[in-house]
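Colleague: Use these hints to put chain B onto chain A, whose structure you have.
Line order of the protein sequences matches chains A and B.
Reminder that position 96 of the first sequence reads as 96 in the numbering used here, one-by-one numbering, no gaps.
Reminder that position 195 of the second sequence reads as 1195 in the numbering used here, one-by-one numbering, no gaps.
These are computed hints drawn from the structure, not numbers from a lab.
Misleading hints may appear alongside valid ones.
[Unchecked claim] Derived EDC-like pairs (lysine to aspartate or glutamate); straight-line CA-CA distance at most 20 Å: (1) K64/A / D1040/B; (2) K64/A / D53/A; (3) K64/A / D1071/B.
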Amino acid sequence: MTESRPSGPPRPFGADELDGVAGLRPDELAAETRLARQLEATAARGTVRPSPDFADRVMAAVAKEPAAAPVRAARIALRHGALWAFLASLRDAWRVTVSPSFPVAMRAQAMALVLVVAALATGTGVAAAGAIGLLDGNRTSPSPTPTLETPVPSVRAIESPSESPTPAEPSTSPGPSPTVSESAEPTDSADPSEATETDDPADAASPTRRPSPTHAPSPTHAPSASPWPRHGGGHRWPPTHAPEPTQEPWPGLTPSPSASPD
Amino acid sequence: MTPPNRTPEGTLPDRAWTAATDAGATVDDRTIVDAVLAGDRDAFRQLVEREGPAVISACARVLGDRSEAEDVAQEAFVIAYRSLGSWRADGAFGAWLSRIAVRLAVRRAGQRKQVTWLDPLAAEADQPGQDRFRTMGTSDAVDPAHNLVRSERDAQVRAAVASLDEPYREVVALRFFAERSLAEIAAATGRPLGTVKTHLHRGLARLRRALEEAER
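The following block holds chain B by itself, in its conformation from the complex:
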């Protein structure tokens, strides 16, 4: 796919993405990345604003901590910026970025010395005035006992996912925490789609066994 405003040399004219954005046109990832690689650092902001919520959410689902998730997401964006030249445009930029972020989040979770079983995300969601935090199914949040059980269950699921071996952990986290399709995962990881499906199946099987053992 060749963006319409690319020059024959493969680089973009200065501020091409800005002009396209101002005109209301949809700018694809390749155009923005080319602009950044050409030296337009501000073009990277568009990627940050577009992918930031998904990346932070993916990190928060792995880590269970909002502020820590933002730190990891910021680190992921900086690493993505450094490695921008190595991004192949054969997949979505968000999937490539999510892979970096999930890896960092899993690594950060593994560096924790103790496991927090109380769910900081749920506790934060129950506080009034936390409009930055969006929850789904908030009707359950009115029951403290139910909320506590749910929080413990979520923490168990996060810990079980984090304890999976690679590549199952990566595929499961990208599919359910980063909410990427299997095709996107296949493109981001460079594996065949059938391999990704097999990894997902085996990862879910191992995760189910781990959760069953944790409930006993």
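Extracted from the complex, chain A is given alone in its bound form:
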């Protein structure tokens, strides 16, 4: 019964098709038969063949659609252990759920699948997070002691250069200060030439050149920055020398690099 009839010759209307209709007079049956012949003639003249690419166009349109029965596809994918197919069917189920063009029954089934999978995923995620949190809690209990020790020196190191006279460096002091804090050795970082790299060249060029001949930065830079002994500043400076503001050769220029040298 389910075998579909291909497009063959049309079946002509027969008067027996209306057998059993109550109140049908013979003249009415004859008139309706004539009208049926007219309808058949009209239908025969309106028979068209599909264009050659009709099936391709339909299949292209169908390819954009989600799976016709994502729940059944998901069940089959699970049965065969095909994870990718299951994820694809899950995606199709979501598309069916949010698309109003699908029948309500199919959307309800797809929504149920999405909700079940979401609930399972959420439960699994919460359980995993709980397990990880439990393990992490056991692991973090001894850890606070070392972690708290490390910030203490770093804060001190940052504070000490800030108290030191800033004069030597107008602009580079913020950058190198964290790294410098480990040792207080004077280096070239205090050299005014570095200040010219960060500041606006038009303004900083002239003030940075002035200190260079005096070599003044060496005492002032000792506490503030650059512990690196790259340039042979081999002798350590005691931190007590650093805060001496009197050695500042040009105290008025340091706060404002933009100030004109002369």
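Modeller: This is chain B only, laid out in the frame that chain A set:
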């Protein structure tokens, strides 16, 4: 009716329909639909190729326009694909599909703002080289006057069918434009056969009156 290659779970093994087709066996609608529902999208092509001509013709008989009929037929196939899970195998798939297509075609015809009384199908058939278009009774096509009268008459019949009320319009269109038997119509619509016969009789009576009024 249970296809022989169905699994106990009610689903088909992958590509079962393809194997059956390659072996030259006749594959019924239920087998193909089950394959599509199981995720084999390509199985739907067989339904498209088998039912496409009838569906396009049914749409063209309602609309009178070939390209528009193909658009509506394509839309009908997509809707059928979406609703494939709701198809009951107690009737022919083609009748179920034709019902969708005829509904869409009638709706499309109702959305037209003006009625074209010239018959595009006949004009297309008279053009040389239109081998895709098959006409019956082409001997009449040589007389332009007769062809024009016939085209106007066909357009009147289409308009009269489209103006019928439901369910008479559906039964008449499925019977004469989709060329479905009354038993198929009864199965597709879920109505008793006697009801379908009554609807056909009343639909033809109303159609006859409408055409008589149009001729006056």
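Colleague: The structure should be examined with respect to each hint, and the outcome stated for every one.
Modeller: Against the structure, the hints:
Distance hint between K64/A and D1040/B is fulfilled; the C-alpha atoms sit about 14 Å from each other, no more than 20 Å. Our distance criterion of 20 Å between C-alpha atoms is met by K64/A and D53/A, whose separation comes to about 17 Å. For the hint pairing K64/A with D1071/B, the CA-to-CA distance comes to about 16 Å; that is within 20 Å, so the pair holds.
The structure fails none of the hints (numbered hints given earlier).
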